[in-house]
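**Student:** Given next are the chains, with one letter for each unit.
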Amino acid sequence: MAGSGNAHLRPDALVSARDIVVEFPAAGGRTVYAVSGVSLDIMEGETLGLVGESGCGKSTTGRAMLQLPRPTSGSVQLGGQELTDLDDEAMRLIRPRLQMIYQDPISSLNPRRTVRDIVAEPLFIAWDNLARRSAIAVWQERVAALVQGLARRVAKPMRILGFAMSVAFVLWIASETVEERAAESLFGWTEVPAAVIGFPALALSLAVGAVFAVLGVAWILLMLMLPFGLMSRQFGAVPTAVGLVGVVATTTASAFLLWRTWSSFGGWAHWVNSGLLGTITVVLVLWLLASLVRPALAGTSAVATSLSAMVVLQVFYIGGLDDTPKLAVLVASGVVDALLFVWIRRRYHASRQELRARADPRVREVLTYVGINPDDALDRRPWEFSGGQAQRLSIARALVSVPQVIICDEPVSALDVSVQAQILNLLEDLKNLMGLTLVFIAHDLAVVKNVSDRVAVMYLGKLCEVSEPGPLYSQPAHPYTDLLLAAIPHPDPEAPIGDSSKIGGELPSPLSPPSGCRFRTRCPLAAQRCADEEPQMREIAPGRFVSCHTPLVGEPAPPTSMAEFSVGAES
Amino acid sequence: MGKRLGFFFWMAVVFLTVLGLAAIFADVLPLKHPAETFAGTSKSGPSLTHWFGNDAVGRDIFSRVIYGAQVSLVISTVGTMLALTIGGLLGLVSGYYGGRIDRWLTATLNATIVIPPLILFLALVLFLDSEAQRRVFILIFTFVLLSIAPIARVVRAATLTWAGQDFVLAARTLGARDGRVLFREVLPNVAPSLISYSLIIMAGLIVVEGAVAFLGLSVPPPTPTWGDMISKGRTNLDVAAHISLMPAITMFVTVLALNFVGDKLQQHFEPRESVL
Amino acid sequence: MKQAVRDQLGRIVAVALVATVAWAWFWRPPFSWTFGVLVGIGTLAAAIADGRYALRRLAALIPVLVLVSFVVFALMASLPGDPAINLLGPAATPDQIEIVRTELGLDQPFFNRYGDWLGGVVLGDLGNSIVLREEVADGISRSMTPTLQLMTYSVIIALVVSLPLGIWAGYRAGTSTDRSINNVMLGFLATPNYVMAVLLVLFFAVGGLSVFGNEIGFHALPAARYVPLGDDPVLHFKHLALPSASLAMGQAAVFMRLLRSDMIGTLRLPFIDLARSKGLPTRRILWRHALRPSSFTLLTVVGLTVGLLIGGALIIEFIFTIPGVGAYIFLGVTQRDFIAVQGGVLVISALFIVVLTMSDFLYLALDPRLRGREVAARG
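Chains as they are written, first to last, in our numbering: chain C, 26 to 596; chain P, 1326 to 1601; chain Y, -2 to 376.
Be aware that one or more of the hints could be misleading.
[To be verified] Among chain Y residues calculated to face chain P with C-beta under 10 Å, some are:
#	residue
1	115
2	183
3	184
4	189
5	196
6	198
7	202
8	231
9	232
10	315
11	331
12	342
If you are wondering where the hints come from, they were derived from the structure by calculation, not from laboratory data. Glycine is no exception: its CB is placed at the ideal position from the N, C-alpha and C atoms.
Pulled out of the complex, with its shape left as it was, chain C reads as follows (with noise of 0.2 Å):
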C-alpha cells in the first residue's frame, strides 16, 4: 500500500489532480515528503472523504489542489483547465470556484473584522481581480501591438533604474531643500517664539499637503494613462459625457501642474539643459512608459509608477517656490488634489458603501442558507459567535462566491460532538440545494462514512485505498483501513475494549520514509516484497482500488517484472 499508480482515476471528473508531489525544505537542508505521488479525481456532484492519521499529508493534499502552495509536481485539473501552469494572476480568476473551509472555525475568521465584511470579502476581491483583469486585458489590445517587443526588454532595468533615481532624488531635493531653507527660515531655532509653533504646524500640514497631493496627482495621471473606454466597460454606468469632461478637466489640471513645476525651475530650457534633471526626466518618461506597455504590470505598476513620479515632481514643484509662499501652495495644492481625487473615485470607482451595497443581498442570502439570521450577526465580530456558529460563517464564507468545489479540511474535528452533526447535515444540505463538489478531508471514519460517496485513505503521503464507503467499511481491502477501522471505539459499554496495540508504532517520519510500501513498518502482513516494491493501485472488485501485495480482499498483486520494479522503487 501506500503506494502509486492511477488505476483509480476516471475520465470526466470535475477535479482531478495526477500524482501530486508536495515537498518542503527542512531544518538541515533534508526535505519533507509531505505528499509523494498522489492522484485523485471527484466527479461533479461527489463527495470524496480523505482519511487518514494526522500528518499524512490529506491538508496539504488538500491544499496543493487550491495551489497553496502549488505541488512540487503533479498536475491538477479544473473542469479540464491545468491549474499547475497558471500564473498567479489567471489563477486569481479561478479562486472563486475553489473554496475551503478550515478546521479551527475561530482562527479562520479574522478577530477585527465584523461578519459583514468577512462574508462579502469573496465577493470584494473577486470583483477587484475581475476589474484589474479586464483592465489589463483591454490595455493589451490597444498598446501591446505597439512597443511590446521593445518594451519587455527594457522594463523591468527601467523600472528599478527610476526607482533608484527617483529615490536618490527626492532624497538629494530633501536634504537641499529641507535641511538649508526650512531649517533656517521656516523652522528658526534661533528665534524661540515665532519659530517652534511653525515646526509642528508645518510637519503637520507637509504630511497632509503631501499625502493628498501624491494621491491626488497619481490618480490624475492614472486616469490620463487608462483609455476612457476602459474605465467605462469596467463600472458600466458611467455616462459618456461625464466621462469625458472628466477626463478634459484632470487633463487640464495635470497638465496645468506640470507647466508650473517646470516654469518654477525656469522653463522647459533649463529643465532640459540642467543635467541631473534632464537625465531624471527622460528615465521617468521612459520608465512610465515601459511598464505601461508590459500588460501584466499596467494594473499594479502603473500606479505605483506614476505615483513614485508624482512625489518627484511636486518635491520640484514645492522645491522651486520661495519659502513665503511654499506653504500656502503646498496646502492648496493638496486640497485641489484631494478634492479631484475624491470626485474622479465617485464618478469611476464604486466606494466602499456600494460595494457593501452591492454585496448586501448576497451576504445575507448566503448567511440564511447557513442558519445565521444576518439581522442579528452582521456587524458582530467572529469571537461573539459560537464553535458551531463561526464554522457556519466560514461556510457562508466559502459559498458566497458560488464555488463549484469546497475543500472542507476537518470541518468538525474541532467541534463539540453535539454540533458536529448540524455542521455535517448543513453541509449536506448546501450540497444539495447548491450542486457542490466537496472533498471532505478528516481523521474520523465515522464522520467521512455518513457523507462521502467516496472515500480515499491517505497514509504518510500516499494512497491506500479508494473505494465506496459501504464496501470499504463492512471488508477493508487495505491492512491499513482495517487498522484504522478497529481503531474506532465502539460505543457499547459491554464491548471489550478494542487491542489498541494492534496498529502499533508511530508515523515514521516524512523527512525520511519507509522504501517500498511505506505502511511496511507498522502492517501486521508485511513481507520482504512489500520493502523491495513500492505496491501500485489496482482494482480488485467493481469500483475498489487498492494499493497492497497482500490485500485482505481479492487477490494478492501478480509479480512485477525488473523494469517496473526499479519504476516503483524510485517513486
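Following the hints, put chains P and Y in place on chain C, whose structure we already have.
**Tutor:** Below, chains P and Y without anything else, positioned relative to chain C:
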C-alpha cells in the same frame, strides 16, 4: 475586551493632551517669554507669578518647561512616527514573507542594535556637523535609526503569529493579493500592540533626547530643553533645587504617562495576557 | 605521532591562533581581566552543558565581530569633513594638513586603511589616540575598570531590590500589595537615570529640600569623583554608591516586572502544588522551587542590561565625573579624536555581543531542559 481602562489611564491621557496642546499653542498662551530675565527673581522658588519658580538668571521655569516640551515632543513624535512606518513595514514584510528576506532583514536589524545608542549619536553629532540648526534632523535621524530595529522586531513577531492563522490562508484562497492580505488581514491585528509599543518607544526617545540635552548636545540655547535645564540646575542644587526638579518632574510624569498608557493599551488589546 | 600531528594540524593551528589573539588582547594591553574571566566562565559553562553548541556559537561570533568592526570603521570613515582639518582647526596650512594626513594614513584607500586597522585590532592594537598620545587600548582598559565596577555594583543593587519584590509580587499577584509594588516600579521605570542621579545627589549629598526651614535629606555621600578600590576601599564604595544606585533603580524595575510575570507562570505549574501539598513553608517554595525556573528570562535581560550599561552609563559617568569608558569616548568625541572613538565604540559593541552570548551560555548551563536540544532556535 470591554474592560475598563481605569481612572489613571484617562488622567495620563489628559495630561499628555494638555502638555501637547500647551506645547503647540505656547505662543498664543499667556506665557512669559522663555528667554526673558526677571530682575530680582534669580533662583526664587515657585510663586503665584512664576508657578515653577525662576532659574539662576531669573527666567520663568514654567514657560521654559512648556517651550522645552516642544523640542522633546516634536523630536520624539516625529522620530516615533517615522520609525513606526519604516520599522512596521520591515517587520510586516519580514514576518509575512519569511525565508531569505526575513533572514537578511533580521540580521541587518540585529546589527544596528549592537552599537551603543548614545555613543553612536554623539559620534554622529559631533563629527557630522557643528552647525546647530541641523541637529534636530540628526537627532531625529539617529532616533529613527535606533528605534527601527525594536519596532520591526515586535511587528515581525506579531506578524508571524497572525500570518499563520487560517484567515490569512482563507484570504489567499479567495485570491487576495499580498498587499490586501497584509494591510486588510494582518495589519489590523498587529496594529494595537504596535501602537501601544510605539508609545513606550516614544517615552524612550524623550529620555534619550533628555540625555543628549543633558550633555549639552541637543538643540542649542536659547531654545530651552528639559535635559539642559536639569543639567544647568545641578550647580544650584543645594540652594535652589527646584531649578532642576521642575523640568525633571515634568519629564518624569510625561514618561510615566506614556509608559502607563502604552502598558494599559497593550493589556486592553490583548485579553490573553491581561489575565495576569 | 607524526601522523597524529598531521591529522590534527588544522586544530592545532586554530588553537595556536586563538591563543595568540587571546594573549594579545588580555595581556599585551591589559584589557581587563573581567572580560577574560567572563568569557572563560561562560565558555566553560556552555562547554560542560553542550560543547558542540558552545563551539558553534563561538564560531558564529567571529563574523559578527568582523561585521561590527567594519560598520564602525565605515561609519567613522564616511563622516564628512577631513579629520586632519578637524584636528588642526580651520587655520591650518595645506602643508600641515598633508603631514597629518600622511601620519594618520588618511591618504590610503579605504580598504587599505580598514585592513591595517583590523589587522591591529585582532592583536589588541586599536591604534594611537591622536589627542592623548597614548595607545587607545591602554586608555580603554584603564577606563574599563571604573565602568565595570559601576556596572557590577548597580546590577547587584538592582538584583537585591528586585528579587524579593518580584517574588513577592508574583506570589501575591492581583492583590493590592502586588499593585502597589508594580506602581512604584513603574515610577522607577519612568525615571531616567540622570534624573535619578540628580535626585539622589539632592537628597543624599547636598542636604535635600528645605521645607519650612527643615532639611529633608543628608550630607552623607560625595556627589562626584572616583576613588580606585586599591587606594581606599571605604571611600571607593562611598563614591560609587550614588552612581550605582542611580543606575540600579531603573534596572530593578525591569527585573522585578519580568520576574513577577515569570513567577506567576511558574506558580501555576503542578510541581508547586506538589511542594505545597508536601507541607513545605511558602518561603522555601518560593526561593528554592519557584525562583530557579522563573529566572531564565531575567538572566538574559540581566545580560542585556550589563551589555547596554557598558556604553550606556556614559551620562552617569559624566554627572559623577567617573573616568569610565563612556567618559573616555565622550572626551574623544569632543576632541575629534576619531581613532579613540572608533576603538571605543568597537570595544563596547564587541563586549555587548560577547556578554549577550555569555548570558545565553549561562542560560544553557542553568536550564537543563535546553541541553542537547535545538537551542539554536532561540539564539
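**Student:** Take the hints in turn and mark each one as holding or not.
**Tutor:** Going through the hints against the structure:
{"no.": "1", "hint": "115", "verdict": "violated (17 Å)"}
{"no.": "2", "hint": "183", "verdict": "holds (6 Å)"}
{"no.": "3", "hint": "184", "verdict": "holds (6 Å)"}
{"no.": "4", "hint": "189", "verdict": "holds (4 Å)"}
{"no.": "5", "hint": "196", "verdict": "holds (7 Å)"}
{"no.": "6", "hint": "198", "verdict": "holds (6 Å)"}
{"no.": "7", "hint": "202", "verdict": "holds (8 Å)"}
{"no.": "8", "hint": "231", "verdict": "violated (24 Å)"}
{"no.": "9", "hint": "232", "verdict": "violated (21 Å)"}
{"no.": "10", "hint": "315", "verdict": "holds (6 Å)"}
{"no.": "11", "hint": "331", "verdict": "holds (7 Å)"}
{"no.": "12", "hint": "342", "verdict": "holds (6 Å)"}
In this structure, the earlier hints numbered 1, 8 and 9 are contradicted, and the remaining ones agree with it.
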